[in-house]
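Q: Sequence:
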Amino acid sequence: MILRMRKERIGALSRGTMVSLTVLAFVLVMTIGGAIYILERTGEDEGDLVIYAYESFQSYGLGPAVIPEFEKMYGVKVTVETPGDVGTVLAKINLEKGDPGADVVIGVDNSMLHRAVEMDLLSPYVPTNIDRLDPTMSFDPGHHIVPFDYGYIAIICSREMMEERDLPYPASVLDLADPVYRGQLLLLDPAQSSTGSSFMIWAAQVAGDNYSAFFDDLAGNAEGKVFGSWDAMYNMWGDGEAPIAISYGLDTAYEMMWYGTNDTVTIVPPEEGYRQIEGAGLVKGARHRELAEKFLDFILTDEFQSEVYNNYMLPVVPSVEVNEYFLQYGASADRHVEPTVDEVSAHYDDWMAAWREAFFG
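Residue numbering for the sequence shown follows our numbering, beginning at 3 and increasing consecutively.
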């Protein structure tokens with residue numbers, strides 16, 4: 003399946019093009035909100051700029067594509083640490099509050115921003131080149147986050163497995179509650195994964211007042227197959243654990259671009275679009291604030307934005323050319339249902355409580 007090939011590509015990237023990082027052997031174990039997180043710290047020394055990011059920022063190519071360019075521009079060293087998915091990254095920053103280990107955090111999106119703000123982890127900053135940003139991508143009126151890419155949350159299906167099991171393709175998020183999909187679905191924990199958090203919000207928006215019952219049905223169909231990170235879930239999907247998973251609108255485009263095949267069927271219901279907008283922020287109390295601000299400016303330059311395709315996402319600067327495969331094969335929506343940051347903040351705890359009750363009792 004395509005996932006086996008994608009994992010091979012990840013391995014090649016990590017061996018051949020990743021920023022040179024030496025693994026420091028220590029593991030942080032902490033308990034937050036009833037969940038245990040194990041964090042691996044990378045980087046032999048602190049360097050001139052320290053960035054905390056989610057795992058695939060480094061493994062899938064965006065980090066290795068842009069970090070060396072920034073180092074060259076300013077004659078500095080950048081250390082990137084990848085503790086886990088975004089929820090884990092924020093938990094680590096919160097643990098270090100008052101003596102932060104990072105200057106910049108990468109990957110805080112429109113589903114997770116309220117958590118970072120409520121924990122008081124970020125300092126506001128407006129880039130000097132903010133006028134380059136597509137205004138429709140600006141989701142943080144408090145300027146805690148600088149957007150750097152976006153993509154549609156999507157339902158992905160293995161064409162081969164769907165045909166083997168004679169399963170219908172879901173046309174709506176709500177279809178995932180159909181008993182026909184029992185045991186056929188992989189999901190993500192919204193407490194740890196930004197993709198999972200985005201999906202939970204997307205599902206709640208589409209389900210409306212019935213979100214609690216919908217979560218109950220989802221939990222029944224997932225049969226406990228809920229993962230803490232997108233990487234772990236995606237690899238299991240690629241290994242044939244289930245035919246349906248939650249991912250991104252450019253997955254088929256990725257497959258066509260690299261392998262010329264389309265076994266992955268990517269579904270973004272046209273009336274139910276949810277755009278995950280990822281951003282980077284200045285960690286409160288950052289030791290290298292001036293350099294961190296330069297990096298946040300760098301995010302909106304052509305040098306950075308032209309490499310966003312390595313993340314299999316879309317640029318937030320309108321003048322940057324979009325990959326032709328993404329235009330031809332990417333899934334998108336005519337209507338969007340994502341709520342504002344204030345709406346997320348007001349309802350997130352209720353959504354999360356209903357999710358936990360459904361999935362964990």
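What the hints contain is simulated information worked out from the structure, not anything from laboratory work.
Quick reminder that beta carbons are idealized off the backbone N, C-alpha and C, glycines included.
Some clues are possibly wrong.
Cut-off 25 Å, straight-line C-alpha distance, at most; resulting in silico cross-link-like pairs (SDA-like, lysine to any residue) [as the list claims (entries may be wrong)]:
1. Lys286 - Ser140
2. Lys227 - Ser61
3. Lys286 - Met139
4. Lys296 - Pro272
5. Lys296 - Glu273
6. Lys79 - Glu243
7. Lys74 - Pro129
8. Lys227 - Glu292
9. Lys227 - Gln207
10. Lys286 - Glu98
11. Lys227 - Ser214
12. Lys99 - Ser125
13. Lys227 - Gly242
14. Lys99 - His116
15. Lys99 - Arg291
16. Lys286 - Pro170
17. Lys79 - His116
18. Lys296 - Val78
19. Lys296 - Glu98
20. Lys79 - Glu292
21. Lys296 - Pro129
22. Lys99 - Lys74
23. Lys296 - Leu176
24. Lys286 - Tyr76
25. Lys286 - Glu166
26. Lys296 - Pro137
27. Lys74 - Ser308
28. Lys99 - Ser347
29. Lys74 - Pro143
Label pairs and their in silico Cβ distance ranges [as the list claims (entries may be wrong)]:
30. Tyr76 - Arg337: 24 to 32 Å
31. Glu71 - Arg289: 21 to 29 Å
32. Gly210 - Gln330: 13 to 21 Å
33. Glu71 - Gln330: 26 to 34 Å
Q: Run every hint past the structure and note whether it holds.
A: Verification of the supplied hints:
As the CA atoms of Lys286 and Ser140 are separated by approximately 21 Å, the hinted pair is consistent with the 25 Å bound. Taking the CA atoms of Lys227 and Ser61, the gap is near 24 Å; set against the 25 Å cutoff, the hint holds. Taking the CA atoms of Lys286 and Met139, the gap is near 23 Å; set against the 25 Å cutoff, the hint holds. About 38 Å separates the Cα atoms of Lys296 and Pro272, which puts this hinted pair outside 25 Å; it is violated.
Distance restraint check for Lys296 and Glu273: the Cα-Cα separation of roughly 39 Å exceeds the 25 Å cut-off, and the hinted pair is therefore not satisfied. Between Lys79 and Glu243, the direct Cα distance comes to roughly 41 Å. Violation of the 25 Å bound is thereby established for this hinted pair. At roughly 20 Å between alpha-carbon atoms, Lys74 and Pro129 fall within 25 Å of each other, so this suggested pair holds. At most 25 Å may separate the alpha-carbon atoms for a hinted pair to count; Lys227 and Glu292 exceed this at roughly 44 Å.
A threshold of 25 Å between alpha carbons decides the hint, and for Lys227 with Gln207 the separation of about 23 Å falls inside it, so the pair holds. Proximity of Lys286 to Glu98 is assessed by CA-CA distance (about 10 Å); at most 25 Å being required, the pair is judged to hold. This hinted pair checks out: Lys227 and Ser214 have alpha carbons roughly 19 Å apart, not beyond 25 Å. About 12 Å separates the Cα atoms of Lys99 and Ser125, which keeps this hinted pair within 25 Å; it holds.
Simply put, Lys227 and Gly242 have alpha-carbon atoms about 13 Å apart, close enough for the 25 Å limit, and the pair holds. Between Lys99 and His116, the direct Cα distance comes to roughly 17 Å. Compliance with the 25 Å bound is thereby established for this hinted pair. Proposed proximity of Lys99 and Arg291 is supported: the alpha carbons are some 15 Å apart, at most 25 Å. Among the hinted pairs, Lys286 with Pro170 is inconsistent with the structure: their alpha-carbon atoms are about 48 Å apart, more than 25 Å.
Pair hint Lys79 plus His116 does not hold up; C-alpha atoms about 31 Å apart against a cutoff of 25 Å. The straight-line distance between the Cα atoms of Lys296 and Val78 is roughly 12 Å, inside the 25 Å bound, and the hint therefore holds. Taking the CA atoms of Lys296 and Glu98, the gap is about 23 Å. The hint holds against a cut of 25 Å. Our distance criterion of 25 Å between C-alpha atoms is met by Lys79 and Glu292, whose separation comes to about 14 Å.
A threshold of 25 Å between alpha carbons decides the hint, and for Lys296 with Pro129 the separation of about 8 Å falls inside it, so the pair holds. Proposed proximity of Lys99 and Lys74 is contradicted: the alpha carbons are some 30 Å apart, above 25 Å. The hinted pair formed by Lys296 and Leu176 fails the criterion: a straight-line CA distance of about 43 Å is larger than 25 Å. For the suggested pair Lys286 and Tyr76, the alpha carbons sit about 22 Å apart, so the restraint of at most 25 Å is met.
A hinted pair counts as satisfied when its Cα atoms are at most 25 Å apart, and Lys286 with Glu166 does not qualify at roughly 52 Å. Note on Lys296 and Pro137: the hinted pairing holds, with a Cα-Cα distance of about 21 Å set against a maximum of 25 Å. Distance restraint check for Lys74 and Ser308: the Cα-Cα separation of roughly 17 Å lies within the 25 Å cut-off, and the hinted pair is therefore satisfied. Restraint check for Lys99 and Ser347: the C-alpha separation of about 22 Å stays at or below 25 Å, so the hint holds.
Of the pairs offered as hints, the one joining Lys74 and Pro143 is violated, with about 32 Å between alpha carbons and a cut-off of 25 Å exceeded. For Tyr76 paired with Arg337, a C-beta distance near 42 Å fails the hint of 24 to 32 Å. Taking the beta carbon of each, Glu71 and Arg289 are about 22 Å apart, inside 21 to 29 Å as hinted. For the hinted restraint 13 to 21 Å between Gly210 and Gln330, the CB-CB distance of approximately 34 Å leaves it violated.
For the hinted restraint 26 to 34 Å between Glu71 and Gln330, the CB-CB distance of approximately 28 Å keeps it satisfied.
Checked against the numbered hints above, the structure violates hints 4, 5, 6, 8, 16, 17, 22, 23, 25, 29, 30 and 32; every other hint is satisfied.
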